[in-house]
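Chains A, B and C supply the protein sequences, listed in that same order.
No gaps in the numbering here: position 267 of the first sequence is 267 in the UniProt record's numbering, and each next residue is one more.
No gaps in the numbering here: position 207 of the second sequence is 207 in the UniProt record's numbering, and each next residue is one more.
No gaps in the numbering here: position 215 of the third sequence is 215 in the UniProt record's numbering, and each next residue is one more.
Honestly, I wouldn't trust all of these hints.
[To be verified] If you want the ones that stay clear, here's a sample from chain B, every Cβ over 12 angstroms from chain C, calculated:
| id | residue |
| --- | --- |
| 1 | Asn-57 |
| 2 | Glu-63 |
| 3 | Thr-65 |
| 4 | Ile-84 |
| 5 | Pro-300 |
| 6 | Asp-415 |
| 7 | Gln-422 |
[Said to hold, decoys possible] Computed list of lysine-lysine pairs in DSSO-like fashion (alpha-carbon distance at most 30 angstroms, straight line):
| id | chain 1 | residue 1 | chain 2 | residue 2 |
| --- | --- | --- | --- | --- |
| 8 | B | Lys-156 | B | Lys-194 |
| 9 | C | Lys-198 | C | Lys-100 |
| 10 | A | Lys-176 | C | Lys-6 |
| 11 | C | Lys-97 | A | Lys-266 |
| 12 | A | Lys-109 | C | Lys-4 |
| 13 | C | Lys-100 | C | Lys-6 |
| 14 | A | Lys-165 | C | Lys-97 |
| 15 | C | Lys-5 | C | Lys-97 |
| 16 | B | Lys-252 | B | Lys-194 |
| 17 | C | Lys-62 | A | Lys-3 |
| 18 | B | Lys-123 | B | Lys-322 |
| 19 | A | Lys-176 | C | Lys-5 |
| 20 | B | Lys-194 | B | Lys-204 |
| 21 | C | Lys-5 | A | Lys-108 |
| 22 | C | Lys-97 | C | Lys-198 |
| 23 | A | Lys-3 | C | Lys-201 |
| 24 | A | Lys-266 | C | Lys-201 |
| 25 | B | Lys-252 | A | Lys-47 |
| 26 | C | Lys-5 | A | Lys-165 |
| 27 | A | Lys-109 | C | Lys-6 |
| 28 | A | Lys-108 | C | Lys-6 |
| 29 | A | Lys-165 | A | Lys-109 |
| 30 | B | Lys-252 | B | Lys-242 |
Simulated from the structure, these hints should not be mistaken for laboratory data.
Here a beta-carbon is modelled for each residue, glycine too, at the ideal position from N, C-alpha and C.
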Amino acid sequence: MKKPIRRIIEYTVLILIACIFVFPLIWMIVSSLKPEASIYTDMNGIKALLPSLNPSDWLQSYKELFNRFDIVQYIFNSVIYAVVITGGSIVVNAMAGYAFARFHFRGKKILFALMLALLIVPVETIIITQFTVAHSLGILNTRLAVILPLIANIFFIYLFRNFFKAVPEEVIESVKIDGGNNWTIFWRIVLPMSKPAIATVGTLSFIASWNDYLWPLMVLTDTSKFPLQVAITNINTTEPVFTNQVMSILTISTIPLIIVYILAQKYILQGLGGSGTGIK
Amino acid sequence: MKKLSVLVGVVCAVLFLAACGSGGSSEANHNEIVVWFHTSLETPEGEAMQNTIDRFNEEYEGEYTATAEFVPRSGSGGGYEDKINAALTTDTLPDVLTLDGPNTAAYAESGIIAPVDEYLTNKDDLLPSIIEQGTYDDQMYGVGFSESGVGIFYNKQMFEQAGIDLETLPTVDEPWDWDQFIELNETLHNEFDKPVIDMGFDDKSEWLMYAFTPFLWSQGGDVVSEDGTTAEGVLNDENGVKAFTFIQDMVKNGYSTITPVEKGFHTGEYAMKLGGSWTIAELEEYPDIEYGVMPYPTSPDTGELVSPSGSWQYAMSASSEKQEAAGALIDFMVSTESLSEMSLANSVLPASYSAIDEITDEVSDEMNVLIEQNAASAQARPLLPNYPQVSRIFQDTISDTTYYEENSDIQALLDDKAAQIQSALD
Amino acid sequence: MNIKKKENLAAYIFLAPALILLGLFLVYPSLLAIYYSFTDYYLLTPNDINIVWLENFIAIFKDPVFIQSLKNIALFVVLVIPIQVGAALGLALLINKQRKGNIFFKVAFFSPVVLSLVVISVLWLYLLNPSEGLINNILLNVGIDPQPFLSSPTQAMVTIVFVSAWQGAGYQMLIFLAGLQNIPGEVYEAGKIDGVNKWQKFYYITLPLLKPTSILIMITTLISAFKLIIQPMVMTQGGPMNATMTPVYYIYQSGFSDRMIGYASAMTVIFGIVIGIVTLIQSRVSREDDN
Numbered sequence: 001m002k003k004p005i006r007r008i009i010e011y012t013v014l015i016l017i018a019c020i021f022v023f024p025l026i027w028m029i030v031s032s033l034k035p036e037a038s039i040y041t042d043m044n045g046i047k048a049l050l051p052s053l054n055p056s057d058w059l060q061s062y063k064e065l066f067n068r069f070d071i072v073q074y075i076f077n078s079v080i081y082a083v084v085i086t087g088g089s090i091v092v093n094a095m096a097g098y099a100f101a102r103f104h105f106r107g108k109k110i111l112f113a114l115m116l117a118l119l120i121v122p123v124e125t126i127i128i129t130q131f132t133v134a135h136s137l138g139i140l141n142t143r144l145a146v147i148l149p150l151i152a153n154i155f156f157i158y159l160f161r162n163f164f165k166a167v168p169e170e171v172i173e174s175v176k177i178d179g180g181n182n183w184t185i186f187w188r189i190v191l192p193m194s195k196p197a198i199a200t201v202g203t204l205s206f207i208a209s210w211n212d213y214l215w216p217l218m219v220l221t222d223t224s225k226f227p228l229q230v231a232i233t234n235i236n237t238t239e240p241v242f243t244n245q246v247m248s249i250l251t252i253s254t255i256p257l258i259i260v261y262i263l264a265q266k267y268i269l270q271g272l273g274g275s276g277t278g279i280k
Numbered sequence: 001m002k003k004l005s006v007l008v009g010v011v012c013a014v015l016f017l018a019a020c021g022s023g024g025s026s027e028a029n030h031n032e033i034v035v036w037f038h039t040s041l042e043t044p045e046g047e048a049m050q051n052t053i054d055r056f057n058e059e060y061e062g063e064y065t066a067t068a069e070f071v072p073r074s075g076s077g078g079g080y081e082d083k084i085n086a087a088l089t090t091d092t093l094p095d096v097l098t099l100d101g102p103n104t105a106a107y108a109e110s111g112i113i114a115p116v117d118e119y120l121t122n123k124d125d126l127l128p129s130i131i132e133q134g135t136y137d138d139q140m141y142g143v144g145f146s147e148s149g150v151g152i153f154y155n156k157q158m159f160e161q162a163g164i165d166l167e168t169l170p171t172v173d174e175p176w177d178w179d180q181f182i183e184l185n186e187t188l189h190n191e192f193d194k195p196v197i198d199m200g201f202d203d204k205s206e207w208l209m210y211a212f213t214p215f216l217w218s219q220g221g222d223v224v225s226e227d228g229t230t231a232e233g234v235l236n237d238e239n240g241v242k243a244f245t246f247i248q249d250m251v252k253n254g255y256s257t258i259t260p261v262e263k264g265f266h267t268g269e270y271a272m273k274l275g276g277s278w279t280i281a282e283l284e285e286y287p288d289i290e291y292g293v294m295p296y297p298t299s300p301d302t303g304e305l306v307s308p309s310g311s312w313q314y315a316m317s318a319s320s321e322k323q324e325a326a327g328a329l330i331d332f333m334v335s336t337e338s339l340s341e342m343s344l345a346n347s348v349l350p351a352s353y354s355a356i357d358e359i360t361d362e363v364s365d366e367m368n369v370l371i372e373q374n375a376a377s378a379q380a381r382p383l384l385p386n387y388p389q390v391s392r393i394f395q396d397t398i399s400d401t402t403y404y405e406e407n408s409d410i411q412a413l414l415d416d417k418a419a420q421i422q423s424a425l426d
Numbered sequence: 001m002n003i004k005k006k007e008n009l010a011a012y013i014f015l016a017p018a019l020i021l022l023g024l025f026l027v028y029p030s031l032l033a034i035y036y037s038f039t040d041y042y043l044l045t046p047n048d049i050n051i052v053w054l055e056n057f058i059a060i061f062k063d064p065v066f067i068q069s070l071k072n073i074a075l076f077v078v079l080v081i082p083i084q085v086g087a088a089l090g091l092a093l094l095i096n097k098q099r100k101g102n103i104f105f106k107v108a109f110f111s112p113v114v115l116s117l118v119v120i121s122v123l124w125l126y127l128l129n130p131s132e133g134l135i136n137n138i139l140l141n142v143g144i145d146p147q148p149f150l151s152s153p154t155q156a157m158v159t160i161v162f163v164s165a166w167q168g169a170g171y172q173m174l175i176f177l178a179g180l181q182n183i184p185g186e187v188y189e190a191g192k193i194d195g196v197n198k199w200q201k202f203y204y205i206t207l208p209l210l211k212p213t214s215i216l217i218m219i220t221t222l223i224s225a226f227k228l229i230i231q232p233m234v235m236t237q238g239g240p241m242n243a244t245m246t247p248v249y250y251i252y253q254s255g256f257s258d259r260m261i262g263y264a265s266a267m268t269v270i271f272g273i274v275i276g277i278v279t280l281i282q283s284r285v286s287r288e289d290d291n
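Just chain A, same shape as in the assembly (with noise of 0.2 angstroms):
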């Protein structure tokens, strides 16, 4: 144990740092617990980051919320994209990272050097031709072609690949000798030895879909449809604006993202003891 003084100090500094970090997210949670005059006239003192004196204030801007939009529908659609999502990310991704950490095959080095160079593309500059190929794939207007060009991630495998690589030969051969095939291997023995990894990929990969506005648009005509964003991008650019409405929706869609966050950093800590490698 150390000395108290300097516990005090390292927490001091973390709180600060925290602070740093925290603000803006206290800031719009409190912002859609008042009227919207408050939220300005509050901006230059404490009070800014204070919900309004007056309780009754408080859920005043979800309930205008929840009249203006059929909120429950939204964030159902945005689950299922996320969830999906983030399930096939990791399998689609964690098997391709495999196949480059561990198997020697015909074409590995230029497939992965072409996929590093892939990495580069900006994403943003090529949505009207990879509407053409959800058009020609026939998939528009359906909830498959929001998932499909989200799966497969190039730095997903890149990371599935370099912890994969981190896995004591060793643990793999004893398992063959007992007369385990790839693909049991790859079930058993790498992939639950790797939660770190899970849990990065399936928090980005959560984040990355849930935060996906412009593609589910593109791709749907159907508004049951729609994910949240689209809500929020609506209620945000729709005059007149009001700022604590569009808090709300965005407190109602940041809560999924940290609770996914807290939950999956639990997995990394679990991962440490699972592999027997723990520090403690």
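Following the hints, position chains B and C against chain A.
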């Protein structure tokens, strides 16, 4: 690892379901038409549109049926326009679509939309600015369903505090010129010793084109020549220099600021704001502010009142095989009843004379100032196929002008920008 | 031979889903973009595309805005990489430890990543407002003159650097964290016995073992820094006086606002080559370090 296998199972199941859910798109029927709106059904604008469609379907029951699809846009049209562009590449445009006024020329020039003159039963009722913005090559391609306007919002309490008699303020019939307006700013500036008007210089978007061209036009200048081929010698003529000098002086003298505080007028920070009709709706949330609206100031050389205008419009896609039905729908959607409903629901200015008569008693005095100003002085933005570039260069010009230290030589700045616009036109 | 064939097959089975999806939604669209760069594709006339060969490329080299945007992005990349990656590593090291309330700190550091850019830009615009903003109030109290920040052609990009690093560091922190968790505890145990101090431990044990993660982070941060678009889009719209116009933003504008897909594609190709060269140099340098 059970969890993972379950996960995989769920993923596969959902993918499968999603694939099944892809019902075939609506079958082509000669009497069924599809309309795309640039807004969500959940906005007042969207609701008004859906109501109009419902009434259309009732009135033309057995003859035509219209289905509306709502595509919310982001910012000044992104999202919705991307979707139109994408639909173009796959030839899947709807029969009727909405488009922003400045896009008329590009869409018409590219043969995406078809002229609608022959379907309009009451074209004379439309405001001249609406006809102007929808007409390309002497044919009407787009019909605006509302008008927009900008005025100078002022805070009554702050004006009185500065000793300004509210009775003497300008009206649409008797606007002030720039000199009088500068005097007003000086009085306010002396009283409050900080910027007194938020002109939206921080909003580097279409706003800078839309709200600031009237100053240029009032002086007698223009962005490009009448026929849309020349910018050099037009933007940078002496009228241009005068108008831009006025704009620069607003910042240089400290009357306005390039970094206004958000909602500054609403919270009593600034005494005035160059604001649109939507500002009226915003101010409902700020009951403490008593405000009025006055018209644009005019050039002292001409005294001519000019105000901005323009809006989204209905148009028929050229690829539609059901032009009769599409034309009937557009005509129905710009009837007095439809236009009045749109204006009231969305608190925007009406697009036709009869709609003005219909609603004028139902809207606030402030809104009526804008409606009056609009009918008297609205001018549409230039119709050019490469409008986006021209508009952006003009926006840059306004923005650069406000950096008075770096750009004290207005003539040089305008020469440079006129050359840029010229190369975009060529 | 048989085993080798089997391994080839197995590898491609593992790769198949990813390769198919990447091929459809990344490779094919990118190849099309290369093709379009030699054409006059105007967005509104997709059925009238003519090959113009190098016309677009010649025009680009005369385009002052594109050249300006290249200079801007160079400044951004040079500044943001050390700041953001350094901050990310620092944060990861700070919280890679068992202590009470750690979850709170982890969530706090990560929260700007999940926050909407709308919230972030509204808030920072407020804080950075030259006349009213909190930051200038603080500076004034410390005796520094108020700064114009985003409204100044010279300061705008630097300001965006800091906001971006602040916003994005949590992302790289997460990856560093996962990398740190992968370092076996025994290594540190061994170090303890040898009596190394904290700095030695960091420099001789943590840093080298973090190398693969660091290279990954450096390369991806570099590439995503090159692709900067959202922050200037929401905070400055590329201004003032094009000081924060970035290549991808300009490409986006040319393609989707100006509808000049051919021209935009040609810029994409040129810019892709630029990023490719820089990335190649950077990964060479980090590999040589390795040996």
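How the hints compare with the structure:
no., hint, result
1, Asn-57, "31 angstroms, holds"
2, Glu-63, "32 angstroms, holds"
3, Thr-65, "29 angstroms, holds"
4, Ile-84, "9 angstroms, violated"
5, Pro-300, "30 angstroms, holds"
6, Asp-415, "15 angstroms, holds"
7, Gln-422, "14 angstroms, holds"
8, Lys-156(B) with Lys-194(B), "17 angstroms, holds"
9, Lys-198(C) with Lys-100(C), "21 angstroms, holds"
10, Lys-176(A) with Lys-6(C), "14 angstroms, holds"
11, Lys-97(C) with Lys-266(A), "13 angstroms, holds"
12, Lys-109(A) with Lys-4(C), "16 angstroms, holds"
13, Lys-100(C) with Lys-6(C), "51 angstroms, violated"
14, Lys-165(A) with Lys-97(C), "25 angstroms, holds"
15, Lys-5(C) with Lys-97(C), "46 angstroms, violated"
16, Lys-252(B) with Lys-194(B), "12 angstroms, holds"
17, Lys-62(C) with Lys-3(A), "65 angstroms, violated"
18, Lys-123(B) with Lys-322(B), "21 angstroms, holds"
19, Lys-176(A) with Lys-5(C), "17 angstroms, holds"
20, Lys-194(B) with Lys-204(B), "22 angstroms, holds"
21, Lys-5(C) with Lys-108(A), "14 angstroms, holds"
22, Lys-97(C) with Lys-198(C), "14 angstroms, holds"
23, Lys-3(A) with Lys-201(C), "21 angstroms, holds"
24, Lys-266(A) with Lys-201(C), "26 angstroms, holds"
25, Lys-252(B) with Lys-47(A), "34 angstroms, violated"
26, Lys-5(C) with Lys-165(A), "22 angstroms, holds"
27, Lys-109(A) with Lys-6(C), "18 angstroms, holds"
28, Lys-108(A) with Lys-6(C), "15 angstroms, holds"
29, Lys-165(A) with Lys-109(A), "15 angstroms, holds"
30, Lys-252(B) with Lys-242(B), "15 angstroms, holds"
Checked against the numbered hints above, the structure violates hints 4, 13, 15, 17, 25; every other hint is satisfied.
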